[in-house]
Amino acid sequence: MVELKNIHKIFHGGTINEFCLFENFSLSVAKGEFVSVVGSNGSGKTTTLNIISGSLPINGGQVLLDGADITKMPEYRRYRRIGRVFQDPAVGTVPNMTILENLSMAENKGKPFNLRLAINRQKNERYCELVRRLGLGLEDKMQVPVGLLSGGQRQALSLLMSTMTPVDLLLLDEHTAALDPRTAEIIMELTDQIVREKKLTTIMVTHNLRYAVEYGTRLLMMDKGAVVLDQSGEEKKNLKTEDILQLFNQISIECGN
Amino acid sequence: MLFLATTLDGLQMGLCFAVLALGVYISCSILDFADLSVDGVFPLGGVCCTIMMLRLGLPALPAVLLCFPLGMLCGAVTGVLHVKFRISNLLSGIIVMTALLSVTLALTQFLTGTGYTTTIFSFRSADLTGLFNGALTSALTDRFGRGAKDYITIVILLVIVFIAKLLLDLFFKTRLGYLLRATGSNEKLVMTLGKNSGSYKIFGLALADGFVAVSGALYAQLYTQYDNTCGSGKVVLALASVIIGTAVFAHFRRMKDTTAVILGAILYSLCLNYLVLIDTNGIYLKLLNAVLFALILIFNEKISAFLSRIRRKKEQMQHG
Ligand SMILES: Nc1ncnc2c1ncn2[C@@H]1O[C@H](COP(=O)(O)OP(=O)(O)OP(=O)(O)O)[C@@H](O)[C@H]1O
Ligand SMILES: [Mg+2]
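Sequences listed follow chains A and B, in order. Residue 244 in the numbering used here sits at position 244 of the first sequence; the count goes up by one each step and never skips. Residue 267 in the numbering used here sits at position 267 of the second sequence; the count goes up by one each step and never skips.
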């Protein structure tokens with residue numbers, strides 16, 4: 001499904017701040033896989049997602065989607081097949097538009113944005129139902145500008161928006177990090193449900209080791225721009241949170257943290 | 001009498017600039033783009049409308065409407081400079097504005113011979129009869145006397161502004177309109193919808209400058225003259241209208257932004273006209289303008305504080 005081949009990524013190339021994050025980095029995700037990615041801060045998780053979505057230029061290597069080389073494809077064209085929830089809650093929604101307006105735009109993804117009216121009553125009711133699934137009480141705030149919602153509420157909305165239309169690949173960047181424990185649990189359940197329902201290939205970055213172990217069909221641990229643990233199938237099922245935590249600490253100690 | 005004449009003139013100017021303010025509202029409020037090309041596009045609308053009427057023999061209304069695509073072209077150039085060539089928004093506006101100063105000057109040359117050209121910069125012709133001197137107007141002035149003309153002009157302008165506002169409101173309810181609003185506040189999201197936000201920015205700027213050019217055309221017809229310097233200060237005027245409109249009329253919660261912008265333009269133009277009564281020599285006019293602008297904003301702060309205090313009292317009464 002997605003393949004990164006021998007990626008080179010250098011930040012601030014040619015300056016004294018030059019910093020090489022990826023050197024010959026390769027990763028392949030098969031169709032239908034639900035990959036959870038863990039790793040310390042700055043290990044390159046978000047950058048990996050950015051390289052897949054084309055938000056960052058790379059210094060070498062190839063990005064393949066379904067076998068086709070998309071290395072040179074501009075970001076917005078790639079997003080036609082990719083849904084994404086960003087680490088920053090402010091990025092996933094338009095702050096000065098209402099929940100209703102945001103949802104109607106998300107639903108129109110892939111269709112032309114023409115001169116037809118964007119909202120009608122039928123849609124309103126359907127959107128209300130969708131939002132109710134989040135269990136955050138947002139169905140009473142459909143006419144409220146999203147900028148007035150809390151970060152967690154926006155992030156939940158963003159998850160809903162990114163999966164409203166059929167996409168081939170879903171990228172989630174710590175999408176539960178801004179939520180309180182109970183809501184995080186609900187959203188994580190919902191994520192799993194959506195991914196199964198729509199059979200989405202998913203890459204989910206998380207700092208919650210338990211989620212990484214409980215959900216998904218494959219687990220990656222990253223450190224300093226490299227994959228240090230990659231388990232799937234039976235191996236992944238037998239994995240326990242403690243094992244991961246131990247490995248995690250071990251790496252951190254090696255780093256001298 | 002003088003006061004009445006000043007008021008009527010202020011209303012006419014205000015309605016004419018309301019179209020300009022709607023354009024700047026799109027670029028500045030919706031797209032968050034300080035577009036300085038306005039100072040060049042406004043006179044371009046005026047000179048193009050004049051040429052189309054006097055040289056090409058077009059009727060007034062088509063001449064005004066055709067200025068819209070011309071303005072759009074200029075806005076698109078600003079947009080392309082900014083989006084494709086990554087020139088900052090202020091500079092792309094300034095570049096287009098500077099270029100247009102020459103373009104309008106060159107176009108003015110086409111007008112010599114059709115009217116009374118005082119300098120190469122300005123042009124006056126009684127033949128520039130158009131929207132405001134048509135058959136209907138003359139019929140009505142014959143019936144009610146010359147004094148009726150000002151009122152008829154205001155009504156015609158009102159109709160034009162109202163149609164522009166309605167179309168704009170409707171546009172912002174369409175899918176394209178939504179995407180344009182999204183482009184102004186979160187480009188990244190537009191990307192994730194699979195759309196190139198740059199293209200929509202260019203389109204939005206084009207739309208904005210379309211309104212600006214139409215306003216310039218109306219202005220030329222309103223005073224049956226065209227002046228190459230009529231563009232100077234229009235950015236400031238329009239920005240002031242937008243800011244005053246959205247600040248002062250934000251107290252009315254249900255009012256649409258477009259309505260507020262139009263009222264802002266009228267309010268500001270009226271105030272400017274009254275200033276002329278105070279300073280008849282016109283030396284301190286700009287200074288007074290600046291003071292007025294500041295005063296309105298300061299005064300507005302006081303009003304909003306006052307209103308929210310009243311609102312709180314009311315709520316307390318209800319609870320108590
Ligand atoms: N745009 C950028 N410019 C310069 N350096 C960057 C940029 N983006 C990321 N980096 C660097 O690349 C490294 C990896 O960053 P990345 O955002 O991928 O980390 P992460 O694994 O997502 O961390 P976190 O868990 O904190 O989100 C960091 O050291 C960071 O400083
Ligand atoms: Mg990150």
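What the hints contain is simulated information worked out from the structure, not anything from laboratory work. None of the values given here were measured: they were computed from a predicted structure. There could be a bad hint or two in this list.
Claimed, not checked - Pairs of lysine-lysine residues, derived as PhoX-like cross-links and limited to a Cα-Cα distance of at most 20 Å, are as follows:
1. K84/B x K72/A
2. K302/B x K286/B
3. K256/B x K123/A
4. K188/B x K72/A
5. K111/A x K173/B
6. K256/B x K165/B
7. K109/A x K188/B
8. K109/A x K173/B
9. K188/B x K111/A
Worksheet item: Has the given pair, K84/B with K72/A, been kept, meaning a C-alpha gap of at most 20 Å?
Response: holds (17 Å)
Item to complete: Take the C-alpha atoms of K188/B and K72/A, compute the straight-line distance between them, and say whether it is at most 20 Å.
Response: holds (19 Å)
Item to complete: Take the C-alpha atoms of K256/B and K165/B, compute the straight-line distance between them, and say whether it is at most 20 Å.
Response: holds (10 Å)
Worksheet item: Does the alpha-carbon distance linking K109/A and K173/B stay inside the 20 Å limit?
Response: Distance ~17 Å between K109/A and K173/B Cα, so the pair holds.
Discussion item. For K111/A and K173/B, compute the direct alpha-carbon distance and say whether it is at most 20 Å.
Written reply: holds (17 Å)
Worksheet entry | Holds or violated: K302/B to K286/B, with C-alpha atoms at most 20 Å apart | Status violated; Cα separation ~25 Å.
Discussion item. With the threshold set at 20 Å, check whether the alpha-carbon distance from K109/A to K188/B stays at or below it.
Written reply: holds (14 Å)
Practice prompt. With a cut-off of 20 Å on the C-alpha distance, tell me whether K188/B and K111/A pass.
Written response: holds (18 Å)
Worksheet item: Between K256/B and K123/A, is the straight-line Cα distance small enough, at 20 Å or below?
Response: Measuring from Cα to Cα gives roughly 23 Å; hence the hint is violated.
Hint violations for this structure: numbers 2 and 3, all remaining hints satisfied.
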